[in-house]
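Participant: Modelling step: build the complete structure from the supplied sequences, incorporating the hints.
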Amino acid sequence: GNSVTQMEGPVTLSEEAFLTINCTYTATGYPSLFWYVQYPGEGLQLLLKATKADDKGSNKGFEATYRKETTSFHLEKGSVQVSDSAVYFCALTSDSNYQLIWGAGTKLIIKP
Amino acid sequence: EAQVTQNPRYLITVTGKKLTVTCSQNMNHEYMSWYRQDPGLGLRQIYYSMNVEVTDKGDVPEGYKVSRKEKRNFPLILESPSPNQTSLYFCASSPGTGVSGELFFGEGSRLTVL
Chain A
156 GNSVTQMEGP VTLSEEAFLT INCTYTATGY PSLFWYVQYP GEGLQLLLKA
206 TKADDKGSNK GFEATYRKET TSFHLEKGSV QVSDSAVYFC ALTSDSNYQL
256 IWGAGTKLII KP
Chain B
10 EAQVTQNPRY LITVTGKKLT VTCSQNMNHE YMSWYRQDPG LGLRQIYYSM
60 NVEVTDKGDV PEGYKVSRKE KRNFPLILES PSPNQTSLYF CASSPGTGVS
110 GELFFGEGSR LTVL
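Sequence lines, in order, name chains A and B. The C-terminal position of the first sequence is numbered 267 in my numbering, with every residue numbered one higher than the one before it. The C-terminal position of the second sequence is numbered 123 in my numbering, with every residue numbered one higher than the one before it.
Don't read these hints as lab results, they were simulated from the structure. Hints may be right or wrong, so weigh each one.
[As the list claims (entries may be wrong)] Cut-off 30 Å, straight-line C-alpha distance, at most; resulting in silico cross-link-like pairs (BS3-like, lysine-lysine):
{"id": "1", "chain 1": "B", "residue 1": "Lys66", "chain 2": "A", "residue 2": "Lys207"}
{"id": "2", "chain 1": "B", "residue 1": "Lys26", "chain 2": "B", "residue 2": "Lys80"}
{"id": "3", "chain 1": "A", "residue 1": "Lys262", "chain 2": "A", "residue 2": "Lys207"}
{"id": "4", "chain 1": "B", "residue 1": "Lys66", "chain 2": "A", "residue 2": "Lys262"}
{"id": "5", "chain 1": "A", "residue 1": "Lys223", "chain 2": "A", "residue 2": "Lys266"}
{"id": "6", "chain 1": "A", "residue 1": "Lys211", "chain 2": "A", "residue 2": "Lys232"}
[As the list claims (entries may be wrong)] Residues from chain A that face chain B, not an exhaustive set, calculated with beta carbons under 8 Å:
{"id": "7", "residue": "Thr175"}
{"id": "8", "residue": "Tyr185"}
{"id": "9", "residue": "Gln200"}
{"id": "10", "residue": "Thr248"}
{"id": "11", "residue": "Trp257"}
{"id": "12", "residue": "Gly260"}
Think of the CB as a built atom: it goes at the ideal place given N, C-alpha and C, for glycine as much as any other residue.
Facilitator: This is the structure:
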C-alpha cells in the first residue's frame with residue numbers, strides 16, 4: 156500500500172535560514188501529495204498540494220515539487236521566520252481516495 | 010465563519026465511563042473523519058464518513074464508534090474508554106466524498122483516561 160516517510164525532527168534553524176524538510180513516498184497509481192502544518196495548540200491546516208507529476212505547490216513562501224522519478228515531495232522555504240515554528244506533515248491520498256496516508260510529522264524550531 | 014467545531018476541548022475521565030466527543034461542520038461538506046494524534050506516531054485515522062449514513066473504519070477503529078445521521082455532525086463515541094485511548098483527537102471535513110481536496114480540521118480534543 157501507499158506510505159510516506161519524512162525526516163525526523165526536531166529541525167532547528169536560525170531566522171532567515173534556508174529550509175528543507177524531506178518527504179519520500181511509495182505509491183501505486185497517481186496519488187495527490189500534500190503538506191499540512193500544525194501551529195502550537197491548533198489543528199492542522201493545508202499548506203500546499205500537488206496533484207500530478209512535476210506540479211509545484213506553493214503558499215506563504217513554501218514550495219514543494221511532485222517528483223515522480225525520485226518519489227519525493229520535499230518542502231522548501233528560502234528564508235524562514237520565527238512564526239514558521241510548527242509541526243509539518245507530509246501526506247498522500249490512498250488508492251481509494253477516501254484516506255490520507257500521513258508521515259510522522261517534523262517539528263521545526265526557528266530561533267531569532 | 011467556516012469551521013469545524015469539536016467539544017469538549019479537554020476531558021479527563023475514568024476507565025469504563027462512556028463518553029462522546031462531538032464534531033460539527035458548517036461548510037456542507039460530505040466527507041468527515043476522526044484522527045488521533047500521539048507523539049511519534051503522527052496522525053492515525055479512526056473512522057471516516059463519505060456521506061450521511063455511510064461510514065467506514067480507518068486504521069485504528071478498535072474501541073470507537075461513530076454515526077453520521079446528519080451531514081453536519083459526526084460524533085465519536087467511546088463506549089468503555091481505556092487508558093490507551095488517552096490522546097489528542099481531531100475531527101476533519103472535506104468537500105466532495107474523498108480527500109483529494111483540502112481537509113479542514115477542528116482545534117482538537119485532548120482526552121485523558123485514568
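Participant: Take the hints in turn and mark each one as holding or not.
Facilitator: Right, here's what the structure says about each hint:
Between B/Lys66 and A/Lys207 the CA atoms are separated by roughly 28 Å; this keeps the pair inside 30 Å, and the hint holds. About 27 Å separates the Cα atoms of B/Lys26 and B/Lys80, which keeps this hinted pair within 30 Å; it holds. Taking the CA atoms of A/Lys262 and A/Lys207, the gap is near 27 Å; set against the 30 Å cutoff, the hint holds. Restraint check: the Cα-Cα separation between B/Lys66 and A/Lys262 comes to about 29 Å, which is no more than 30 Å; the hinted pair holds.
Note on A/Lys223 and A/Lys266: the hinted pairing is violated, with a Cα-Cα distance of about 34 Å set against a maximum of 30 Å. Straight-line distance between C-alpha atoms of A/Lys211 and A/Lys232 comes to about 13 Å, which keeps the hinted pair within the 30 Å bound. Here the hint on A/Thr175 is broken, as its CB sits about 19 Å from the closest CB of chain B, past 8 Å. Using the Cβ-Cβ criterion of 8 Å, the hint placing A/Tyr185 at the interface with chain B is not satisfied: the shortest such distance is roughly 11 Å.
Restraint check, A/Gln200 versus chain B: the minimum CB separation of about 7 Å is within 8 Å; hint holds. Using the Cβ-Cβ criterion of 8 Å, the hint placing A/Thr248 at the interface with chain B is satisfied: the shortest such distance is roughly 6 Å. A cut of 8 Å between beta carbons decides the hint on A/Trp257: the least distance to chain B is about 4 Å, and the hint holds. Residue-level restraint check for A/Gly260 holds (minimum Cβ-Cβ distance to chain B is 5 Å; threshold 8 Å).
When held up to the earlier numbered hints, the structure conflicts with 5, 7, 8 and fits the remainder.
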